[in-house]
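Undergrad: Here are the chains, one letter per residue:
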Amino acid sequence: MGLGIDHRNKMAKRAAAEITNGMIVNLGIGIPSLVPNHLPDEIQVIFHAENGITGIGPSPEIGTEDANLCNAGGLPVTLKEGGSYCDSTIAFGMIRRGLLDMTILGALQVNEEGDLANWIVPGKKVPGMGGAIELAQKSKKVVVLMNHTDKNGKSKIAAKCSLPLTSPKCVNLIITDLAVIEVTEQGLLLKEVFSPYSIEDVIHSTDCQLTIAENVIWHEE
Amino acid sequence: MVKPFNKKTSFDKIKHLFTNEMTIMYGGFGGIGTPPGLIDVILDSGAENLHLIGNDTGFPDIGIGKIVCAGRAKSIITSHIGSNPVAGQLMTEGKLDIEFSPQGILAERIRAGGVGIPAILSDIGTENSFIANHKPKVKLENTEYLIETALTADISIVYAKQADPYGNLIYDKSARNTNPLVAMAGEITIAEVEEIVPVGKLHPDQIVTPGVFVDYIVVSEGVNWKWVWE
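As you go down the protein sequences, you meet chains A and B in turn. According to our numbering, the first sequence is numbered sequentially starting from 1. According to our numbering, the second sequence is numbered sequentially starting from 1.
These are computed hints drawn from the structure, not numbers from a lab. Beta carbons are placed, not taken as given, at the ideal position from N, Cα and C, and that holds for glycine. There may be inaccurate statements among the hints.
Only part of the chain B face toward chain A is listed, based on derived beta-carbon distances under 8 Å [claimed, not checked]:
#1 5
#2 30
#3 111
#4 132
#5 172
Residues from chain A that face chain B, not an exhaustive set, calculated with beta carbons under 7 Å [to be verified]:
#6 18
#7 68
#8 70
#9 74
#10 130
#11 131
#12 168
Could you build all of it, start to finish, from the sequences and the hints given here?
TA: Here is the structure:
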């Protein structure tokens, strides 16, 4: 079940606020790809794609797409001035070497220790880990954008992930359609709530202990 | 007089190279940069029970996905099959053996195979049982690493923008991706290119794959991966 475009943009906009001037950022497919639309003009950021692009620019105008210039999700992109192309080993070399300030990606489950599961639902769906394992393990900051609950209403944030992990203890921040939750040494900290939901709604929809921040920020619609 | 440095050939003339049970490595990422004409030649050749190595399984109608969907593959070493539901289905039915390798490590294993290194050490996925199990490990200064073996193939197929008759290759934008690595790792390497230019026309500083790695060049009849976003 998908989220409405407004929910998606709301989450993308919140993720964009995590990006500061000069960062090198990798965006996953889906909602993370909407993040650049919400960046203020004064923020200069280098978007990295693991298929070998450093310095992705805005989406091309319809009719000007280049079949040989796509992001890792296969969507047409452009290159910013100063951008460059490289092969896959170099693209992943940047990741493993720790040069990425942030990766923003989707997830199937996250637990209270920041374990990430996003590559397999045994017996049902096996997309494979792709580049997520290296991005999650090696980026300085890992931001997850996902629905708070799955299509059966089950929390995707749990005390333990029931699905096989992509990478343990790697997620720093979780942004869902309901809330913004930080992964801390002491567990999950509820910091922000999206209207029209309440703190109680978030607690009710989350399958593990949440610490409530002193001043929870309320995002109006 | 035979021209030893003219590697240009036609799709028809190389069809016989593809045989049952062989290992084929392919360049490309999500179908972009996978040589479409060579994929069709493999289909035409009738070769089956193929062992494939490449970044992903493309889309059902794009890239290596066409070979997977035709049931011609016996096994595949790859990082992602999410854009080709048929691959997952064949795996579930036990008809396709899939080894998942983290994407960047897969690229390094291919590169290692291409440059004569038997294996690499990796700290990616050491705590992921799907990746770490059954792999030998080695300890260096108190950190445990996985030994990830190099990959080579009987035939490598790649896509490039330009070649000269010697097989020097230049790639185009993000269609480069795994192609320069795959180009080095084949016992035989075949490049499908947009254009063949005369010797001396490619700037030596811009050549990405030296022709020494390339055995055959064919001129592409056009790419087919635009539909992904159309």
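Undergrad: Determine for every hint whether it applies to the structure shown.
TA: Do the hints match the structure? See the list:
Below 8 Å, beta-carbon pairs count as interface contacts, and residue 5 of chain B has none with chain A, the closest being about 25 Å; its hint is therefore violated. Interface restraint check: residue 30 of chain B against chain A, minimum CB-CB distance 4 Å, threshold 8 Å, status holds. Annotation: interface hint on residue 111 of chain B holds; nearest CB of chain A at approximately 5 Å, less than 8 Å. Because the closest C-beta pair between residue 132 of chain B and chain A is about 11 Å apart, greater than 8 Å, the hint is violated.
The beta carbon of residue 172 of chain B is positioned within 8 Å of a beta carbon in chain A (closest approach about 4 Å), and the interface hint is therefore held. For residue 18 of chain A, the shortest C-beta to C-beta distance to chain B is roughly 24 Å, which exceeds 7 Å, and the interface hint is violated. Proximity of residue 68 of chain A to chain B holds as hinted, the smallest CB-CB distance being about 4 Å (cut-off 7 Å). Taking 7 Å as the C-beta cut-off, the interface hint given for residue 70 of chain A holds, the closest approach to chain B being about 5 Å.
A cut of 7 Å between beta carbons decides the hint on residue 74 of chain A: the least distance to chain B is about 4 Å, and the hint holds. For residue 130 of chain A, the interface hint holds, the least distance from its beta-carbon to any beta-carbon of chain B being 4 Å, beneath 7 Å. Nearest Cβ of chain B to the Cβ of residue 131 of chain A: about 4 Å, under the 7 Å cut. The hint holds. Given hint, residue 168 of chain A at the interface with chain B, holds; its Cβ is 5 Å from that chain's nearest Cβ, closer than 7 Å.
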